[in-house]
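Novice: Below, each chain spelled out in residue letters.
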Amino acid sequence: MLSESSLFLKGVLLGSTFCVLMTMLGHIRMDYGKSRRHYEHRHLQAPNEDILKLAGGERPELSKSFRVYCIILVKPKDVRLWAAVKETWAKHCDKAEFFSSENVKVLESVNMGTNDMWLMMRKAYKYAFDKYRDQYNWFFLARPTTFAVIENLKYFLLKKNSSQPFYLGHTEKSGDLEYVSVGGGIVLSIESMKRLNNLPSIPEKCPEKGRMVWEVSEDKQLAVCLKYAGVVAENAEDSKGKDVFNTKSVGIFIKEAMTNHPNQVVEGCCSDMAITFNGLTCNQMYVMMYGVYHLRAFGHVFNDVLVFLPANGSDND
Amino acid sequence: MASKSWLNILTFLCGSAVGFVLCSQLLSILLEEQKDIQPSILHNDPHARHSDDSEQNHLEGQMNFDADASQHKDENTDIAEKLYQKVKILCWVMTGPQNLEKKAKHVKATWAQRCNKVLFMSSEENKDFPAVGLKTREGRDQLYWKTIKAFQYVHDHYLDDADWFMKADDDTYVILDNLRWLLSKYNPEEPIYFGRRFKPYVKQGYMSGGAGYVLSKEALKRFVEAFKTDKCTHSSSIEDLALGRCMEIINVEAGDSRDTTGKETFHPFVPEHHLIKGYLPRTFWYWNYNYYPPVEGPGCCSDLAVSFHYVDPTTMYELEYLVYHLRPYGYLYRYQPALPEKMLKEVSQIYKNEDKKVNQEPLKEKHK
Numbered sequence: 033m034l035s036e037s038s039l040f041l042k043g044v045l046l047g048s049t050f051c052v053l054m055t056m057l058g059h060i061r062m063d064y065g066k067s068r069r070h071y072e073h074r075h076l077q078a079p080n081e082d083i084l085k086l087a088g089g090e091r092p093e094l095s096k097s098f099r100v101y102c103i104i105l106v107k108p109k110d111v112r113l114w115a116a117v118k119e120t121w122a123k124h125c126d127k128a129e130f131f132s133s134e135n136v137k138v139l140e141s142v143n144m145g146t147n148d149m150w151l152m153m154r155k156a157y158k159y160a161f162d163k164y165r166d167q168y169n170w171f172f173l174a175r176p177t178t179f180a181v182i183e184n185l186k187y188f189l190l191k192k193n194s195s196q197p198f199y200l201g202h203t204e205k206s207g208d209l210e211y212v213s214v215g216g217g218i219v220l221s222i223e224s225m226k227r228l229n230n231l232p233s234i235p236e237k238c239p240e241k242g243r244m245v246w247e248v249s250e251d252k253q254l255a256v257c258l259k260y261a262g263v264v265a266e267n268a269e270d271s272k273g274k275d276v277f278n279t280k281s282v283g284i285f286i287k288e289a290m291t292n293h294p295n296q297v298v299e300g301c302c303s304d305m306a307i308t309f310n311g312l313t314c315n316q317m318y319v320m321m322y323g324v325y326h327l328r329a330f331g332h333v334f335n336d337v338l339v340f341l342p343a344n345g346s347d348n349d
Numbered sequence: 161m162a163s164k165s166w167l168n169i170l171t172f173l174c175g176s177a178v179g180f181v182l183c184s185q186l187l188s189i190l191l192e193e194q195k196d197i198q199p200s201i202l203h204n205d206p207h208a209r210h211s212d213d214s215e216q217n218h219l220e221g222q223m224n225f226d227a228d229a230s231q232h233k234d235e236n237t238d239i240a241e242k243l244y245q246k247v248k249i250l251c252w253v254m255t256g257p258q259n260l261e262k263k264a265k266h267v268k269a270t271w272a273q274r275c276n277k278v279l280f281m282s283s284e285e286n287k288d289f290p291a292v293g294l295k296t297r298e299g300r301d302q303l304y305w306k307t308i309k310a311f312q313y314v315h316d317h318y319l320d321d322a323d324w325f326m327k328a329d330d331d332t333y334v335i336l337d338n339l340r341w342l343l344s345k346y347n348p349e350e351p352i353y354f355g356r357r358f359k360p361y362v363k364q365g366y367m368s369g370g371a372g373y374v375l376s377k378e379a380l381k382r383f384v385e386a387f388k389t390d391k392c393t394h395s396s397s398i399e400d401l402a403l404g405r406c407m408e409i410i411n412v413e414a415g416d417s418r419d420t421t422g423k424e425t426f427h428p429f430v431p432e433h434h435l436i437k438g439y440l441p442r443t444f445w446y447w448n449y450n451y452y453p454p455v456e457g458p459g460c461c462s463d464l465a466v467s468f469h470y471v472d473p474t475t476m477y478e479l480e481y482l483v484y485h486l487r488p489y490g491y492l493y494r495y496q497p498a499l500p501e502k503m504l505k506e507v508s509q510i511y512k513n514e515d516k517k518v519n520q521e522p523l524k525e526k527h528k
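Line by line, the protein sequences are chains A and B. Start counting the first sequence at 33; every next residue gets the next number (the working numbering). Start counting the second sequence at 161; every next residue gets the next number (the working numbering).
Any given hint might turn out to be false.
Far from chain A, by Cβ distances over 10 Å, these chain B residues were calculated [said to hold, decoys possible]:
no. : residue
1   : Glu235
2   : Ser395
3   : Tyr451
4   : Pro497
Selected chain B positions facing chain A (in silico; Cβ < 7 Å) [as the list claims (entries may be wrong)]:
no. : residue
5   : Ala177
6   : Ala386
7   : Thr389
8   : Tyr489
Capping the alpha-carbon separation at 30 Å, the derived lysine-lysine pairs in DSS-like fashion look like this [said to hold, decoys possible]:
no. : chain 1 : residue 1 : chain 2 : residue 2
9   : B       : Lys246    : B       : Lys262
10  : B       : Lys277    : B       : Lys248
11  : B       : Lys242    : B       : Lys505
12  : A       : Lys287    : B       : Lys437
13  : B       : Lys262    : A       : Lys287
14  : B       : Lys246    : A       : Lys123
15  : A       : Lys287    : B       : Lys287
16  : A       : Lys107    : B       : Lys437
17  : B       : Lys345    : B       : Lys248
18  : A       : Lys158    : A       : Lys107
19  : A       : Lys192    : A       : Lys259
20  : B       : Lys164    : A       : Lys42
21  : B       : Lys265    : A       : Lys287
22  : A       : Lys287    : A       : Lys118
23  : A       : Lys252    : A       : Lys205
24  : B       : Lys437    : A       : Lys280
25  : B       : Lys287    : A       : Lys280
26  : A       : Lys155    : A       : Lys226
27  : B       : Lys423    : A       : Lys118
28  : B       : Lys287    : A       : Lys127
29  : B       : Lys277    : A       : Lys287
Bear in mind the hints are in silico, worked out from the structure with no lab data behind them. Even for Gly, the Cβ is constructed at its ideal location relative to N, Cα and C.
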């Protein structure tokens with residue numbers, strides 16, 4: 033009896049020791065993982081107003097020093113939104129081109145000849161890089177459901193060196209992978225473009241073809257490839273920590289704010305320097321053009337360090 | 161013997177299993193308590209302190225320009241502030257008991273704060289909101305009667321507190337800064353009123369009720385006097401038309417509210433309805449009512465729009481965000497309107513004085 037109970041107790045002791053050891057090991061690994069994750073979830077901030085002290089003479093040169101090339105990936109079903117984008121914010125890119133899965137009669141585009149979004153994206157980046165590497169230093173990719181304020185993008189990129197590997201937007205996490213969500217728009221510096229396009233195509237690391245067995249969205253796929261090339265995603269925020277790339281529309285943000293903090297609806301909504309909103313209808317694109325480039329309150333004056341002139345021959349901005 | 165050693169092994173294994181399980185349970189309980197209590201970071205506190213003041217003072221319509229200061233460090237509101245002092249506007253919002261929480265609340269949370277004074281007019285008094293009780297019934301047929309009583313109330317209590325008197329609905333969004341710019345060219349002692357001008361029925365035209373209209377002090381005096389002397393009728397089921405008729409009788413001029421490029425500033429619908437070609441069908445009454453040639457598409461609406469109508473609560477806040485928050489950095493707007501001459505002199509004087517004075521800040525007074 034005694035020997036049995038002592039055996040039992042020894043067993044209990046061994047079991048518990050084993051358990052403690054395992055938990056401790058797991059904890060250490062967890063902590064390490066957490067700190068690594070923290071470090072990886074990078075926040076990139078807009079220029080702080082206080083830091084910017086530029087003489088008046090510098091401004092025009094500075095405004096011309098960023099050249100943004102816009103890639104908009106479209107499919108025939110997007111034709112109405114595509115037309116709206118073309119007539120609205122795309123005019124503010126230094127150059128904007130539409131990359132489509134197939135040719136569409138009514139609108140001009142670069143035909144990628146594939147329906148697979150990842151392949152379209154990959155080929156579009158390659159096309160843009162090969163053709164325009166010497167002319168543009170920033171590459172902005174979006175879907176036609178997105179509205180972008182390019183001036184705010186340029187302001188955000190002020191003082192950021194495009195020969196550094198930047199990969200910016202609204203970031204999300206999928207397991208261990210931090211990626212920029214395509215809905216909010218993806219910004220790549222010329223250095224990131226170089227690295228992406230010089231990647232040898234190793235299917236496991238960066239597949240050239242689209243999905244194989246499992247579905248991986250194109251934005252995640254891009255993150256995998258860029259990661260392999262040593263480029264990590266960064267979440268872009270203003271000086272108050274608010275996202276400047278948004279995967280939802282203003283209306284959705286307002287509705288959420290009305291539920292979550294009804295006393296601070298507008299203040300809690302969105303950044304004053306927002307760059308993108310997503311999920312817009314055709315009509316909303318035109319309303320945003322008016323709301324951003326026209327409608328304002330008289331007597332509120334800003335002393336901006338950059339100057340952007342309206343485009344020639346445009347009637348809605 | 162063999163069975164005994166089997167029993168021993170079994171006992172041992174049982175023991176270790178029990179030990180493992182117990183221990184893991186214990187540890188998980190301990191670790192649960194230590195789980196991170198992530199502080200929820202509210203990004204949006206700049207206005208937190210102001211929500212307290214504004215709750216009590218809504219009847220006062222405080223314009224605290226510093227409310228935005230912490231968010232907009234690079235924003236200069238000197239001109240807007242100057243206009244606030246020079247062009248005093250009392251706003252009254254047509255509402256009703258069932259709409260205070262549904263609609264008027266959002267007006268209160270957005271543009272109403274920028275009036276020099278704001279009053280919410282309802283059929284019955286509500287001390288908490290607060291809303292003035294006009295002692296009428298509710299309903300579309302009561303609108304004109306409510307309007308008359310509201311203007312009378314304003315005339316009797318607040319005539320000297322403002323130069324201009326604006327009427328709006330609880331689904332109208334008004335941009336006060338732009339209204340002040342429009343009115344700064346005019347003298348409130350002149351009999352004149354402004355709004356979205358319609359042409360039928362009244363020779364000089366009349367102003368759309370929903371888009372809001374604003375009376376000069378003289379116009380208000382004459383309007384109230386007209387009912388005492390029976391110059392104007394009390395009964396009508398069409399508020400804006402009846403008011404327009406009365407204005408013509410008492411020789412109050414129907415002003416041209418368009419901006420210096422001829423674009424309309426008061427709008428009877430939301431921006432989308434005016435900006436999208438074909439949204440309003442050609443058979444719609446609107447096309448025949450507008451006094452000036454109606455425009456759809458980008459030319460519909462002034463950069464310095466004053467009002468929009470049929471604005472639901474979500475759109476109230478959206479407009480507030482688009483007008484007072486989101487902007488394209490560094491963009492040189494095509495339309496660069498100037499202040500009227502008399503204002504220009506005063507504003508340039510301010511900048512001259514700021515060179516001499518160091519600490520004195522004449523424009524940054526809190527408006528009580």
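Novice: Does each hint fit the structure? Answer for all of them.
Specialist: Hint-by-hint comparison with the structure:
1. Glu235: violated (6 Å)
2. Ser395: holds (39 Å)
3. Tyr451: Holds, because the least Cβ-Cβ distance between Tyr451/B and chain A comes to about 23 Å, which exceeds 10 Å.
4. Pro497: violated (7 Å)
5. Ala177: holds (6 Å)
6. Ala386: violated (33 Å)
7. Thr389: violated (38 Å)
8. Tyr489: holds (4 Å)
9. Lys246/B / Lys262/B: violated (33 Å)
10. Lys277/B / Lys248/B: Distance ~8 Å between Lys277/B and Lys248/B Cα, so the pair holds.
11. Lys242/B / Lys505/B: holds (12 Å)
12. Lys287/A / Lys437/B: holds (27 Å)
13. Lys262/B / Lys287/A: holds (14 Å)
14. Lys246/B / Lys123/A: violated (40 Å)
15. Lys287/A / Lys287/B: holds (28 Å)
16. Lys107/A / Lys437/B: holds (25 Å)
17. Lys345/B / Lys248/B: holds (13 Å)
18. Lys158/A / Lys107/A: Distance of about 19 Å is within 30 Å: holds.
19. Lys192/A / Lys259/A: holds (20 Å)
20. Lys164/B / Lys42/A: holds (17 Å)
21. Lys265/B / Lys287/A: holds (15 Å)
22. Lys287/A / Lys118/A: Since the Cα atoms of Lys287/A and Lys118/A sit roughly 28 Å apart, the hinted pair holds (cutoff 30 Å).
23. Lys252/A / Lys205/A: holds (9 Å)
24. Lys437/B / Lys280/A: holds (26 Å)
25. Lys287/B / Lys280/A: With Cα atoms ~39 Å apart, Lys287/B and Lys280/A exceed 30 Å; violated.
26. Lys155/A / Lys226/A: Cα-Cα ~14 Å, so holds.
27. Lys423/B / Lys118/A: holds (25 Å)
28. Lys287/B / Lys127/A: violated (58 Å)
29. Lys277/B / Lys287/A: holds (29 Å)
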